[in-house]
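The opening position of the sequence shown corresponds to residue 1 in full-length UniProt numbering, with each subsequent residue numbered one higher.
Hints are not guaranteed to be accurate.
Claimed, not checked - With a Cα cut of at most 20 angstroms, we get these calculated DMTMM-like pairs of lysine to aspartate or glutamate:
| hint | residue 1 | residue 2 |
| --- | --- | --- |
| 1 | 189 | 202 |
| 2 | 189 | 168 |
| 3 | 140 | 198 |
| 4 | 143 | 160 |
| 5 | 143 | 114 |
| 6 | 140 | 75 |
| 7 | 189 | 204 |
| 8 | 175 | 160 |
| 9 | 140 | 168 |
| 10 | 143 | 179 |
| 11 | 189 | 221 |
| 12 | 140 | 77 |
| 13 | 143 | 111 |
| 14 | 175 | 58 |
Note that these hints are calculated values from the structure, not bench results.
Note that the structure is a prediction, hence the values are computed from the model and not measured.
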Amino acid sequence: MNATVTSALDWLVAHRGWPAQWPENSLSGMRAVLEAGARFVELDVHLSRDGCPVVVHDEDLRRVSGTRQRVNRLDADALAQVVIGEATRFGDRFPEERLPRLTDMLQLLAEWPEVTVFVELKRASMRRFGRPALIESVLKALKGHANPCVMISFDHTAVEMARSRGAERIGWVFKPWNESARVEAARLKPDYLFVRQDRIPEGERPFWPGSWQWVVYGVNELRLALTLRQRGAHLIETDCLPELARAWMEAEGGERV
1 MNATVTSALD
11 WLVAHRGWPA
21 QWPENSLSGM
31 RAVLEAGARF
41 VELDVHLSRD
51 GCPVVVHDED
61 LRRVSGTRQR
71 VNRLDADALA
81 QVVIGEATRF
91 GDRFPEERLP
101 RLTDMLQLLA
111 EWPEVTVFVE
121 LKRASMRRFG
131 RPALIESVLK
141 ALKGHANPCV
151 MISFDHTAVE
161 MARSRGAERI
171 GWVFKPWNES
181 ARVEAARLKP
191 DYLFVRQDRI
201 PEGERPFWPG
211 SWQWVVYGVN
221 ELRLALTLRQ
231 RGAHLIETDC
241 LPELARAWME
251 AEGGERV
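Whenever a hint applies, use it, and build me the whole structure from the sequences.
This is how it looks when you write it as structure tokens:
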């Protein structure tokens with residue numbers, strides 16, 4: 001940890017909004033977690049058939065909408081009508097929730113201009129349209145946007161290309177944890193280095209040193225979050241940010257978050 005913090009909100013990242021309680025990557029879920037005090041959020045971007053960046057994790061819509069359609073086979077206007085209420089998880093609670101364009105999400109986020117936004121470039125869209133098309137479309141959407149934005153991806157070539165084309169900050173999501181990844185991180189020098197919690201070696205050994213900030217994702221339990229912080233994680237990405245912030249507050253003796 002690099003600095004003393006006064007709130008768990010200083011180091012928690014909202015993964016796809018608040019998917020423990022709302023449909024993931026939805027406008028309503030993102031608004032709810034922002035209203036709960038999130039200072040860092042993460043979202044996923046694919047391209048529609050007509051090249052518009054839209055906020056959705058999977059390349060098909062089965063999990064969020066129950067349909068077998070693929071994101072890259074539909075134009076943005078058609079995708080904007082797709083209900084993403086995740087009926088298998090939430091039943092009929094969110095019948096009006098529609099798949100957002102990236103510009104829709106950025107418009108919402110602009111109400112909280114101090115919030116840092118991690119924008120993940122999905123590899124399926126890179127394979128379908130090419131890295132330059134995805135990167136340029138996202139950079140165009142981000143241009144002039146008020147929030148600090150970080151373009152991230154599992155594809156190290158893509159984030160390196162994003163930086164060369166004007167991205168202010170980049171993050172690399174890597175797997176597995178091995179010497180090759182450490183060497184690549186040292187070469188790439190991303191602003192943020194992401195790893196899933198179950199890919200980190202067990203024990204107490206500190207994380208690799210570097211110029212980046214470590215972000216560990218897939219963490220939904222406070223004890224694990226605090227352990228990872230002690231080992232060197234700067235930020236913890238979670239599906240349940242408000243719940244973890246509340247648990248931290250209670251563990252700290254009732255100090256305000």
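Hints, one by one, checked against the model:
Note on residue 189 and residue 202: the hinted pairing is violated, with a Cα-Cα distance of about 25 angstroms set against a maximum of 20 angstroms. Under the criterion of a C-alpha separation no larger than 20 angstroms, the hint pairing residue 189 with residue 168 is consistent with the structure, at around 13 angstroms. Only pairs whose Cα atoms come within 20 angstroms are accepted, and residue 140 paired with residue 198 is rejected, the gap being roughly 35 angstroms. Between the alpha carbons of residue 143 and residue 160 the distance comes to roughly 18 angstroms, so the proposed pair stays at or under 20 angstroms and holds.
Annotation: proposed proximity of residue 143 to residue 114 holds, straight-line Cα distance about 16 angstroms (limit 20 angstroms). Among the hinted pairs, residue 140 with residue 75 is consistent with the structure: their alpha-carbon atoms are about 18 angstroms apart, no more than 20 angstroms. Restraint check for residue 189 and residue 204: the C-alpha separation of about 24 angstroms exceeds 20 angstroms, so the hint is violated. With a CA separation close to 17 angstroms, the supplied pair residue 175 and residue 160 stays within the 20 angstroms bound.
For the hint pairing residue 140 with residue 168, the CA-to-CA distance comes to about 13 angstroms; that is within 20 angstroms, so the pair holds. Using a Cα cut-off of 20 angstroms, the hinted pair residue 143 and residue 179 is violated, with the two alpha carbons roughly 36 angstroms apart. Only pairs whose Cα atoms come within 20 angstroms are accepted, and residue 189 paired with residue 221 is rejected, the gap being roughly 29 angstroms. Straight-line distance between C-alpha atoms of residue 140 and residue 77 comes to about 19 angstroms, which keeps the hinted pair within the 20 angstroms bound.
Restraint check: the Cα-Cα separation between residue 143 and residue 111 comes to about 16 angstroms, which is no more than 20 angstroms; the hinted pair holds. Distance restraint check for residue 175 and residue 58: the Cα-Cα separation of roughly 19 angstroms lies within the 20 angstroms cut-off, and the hinted pair is therefore satisfied.
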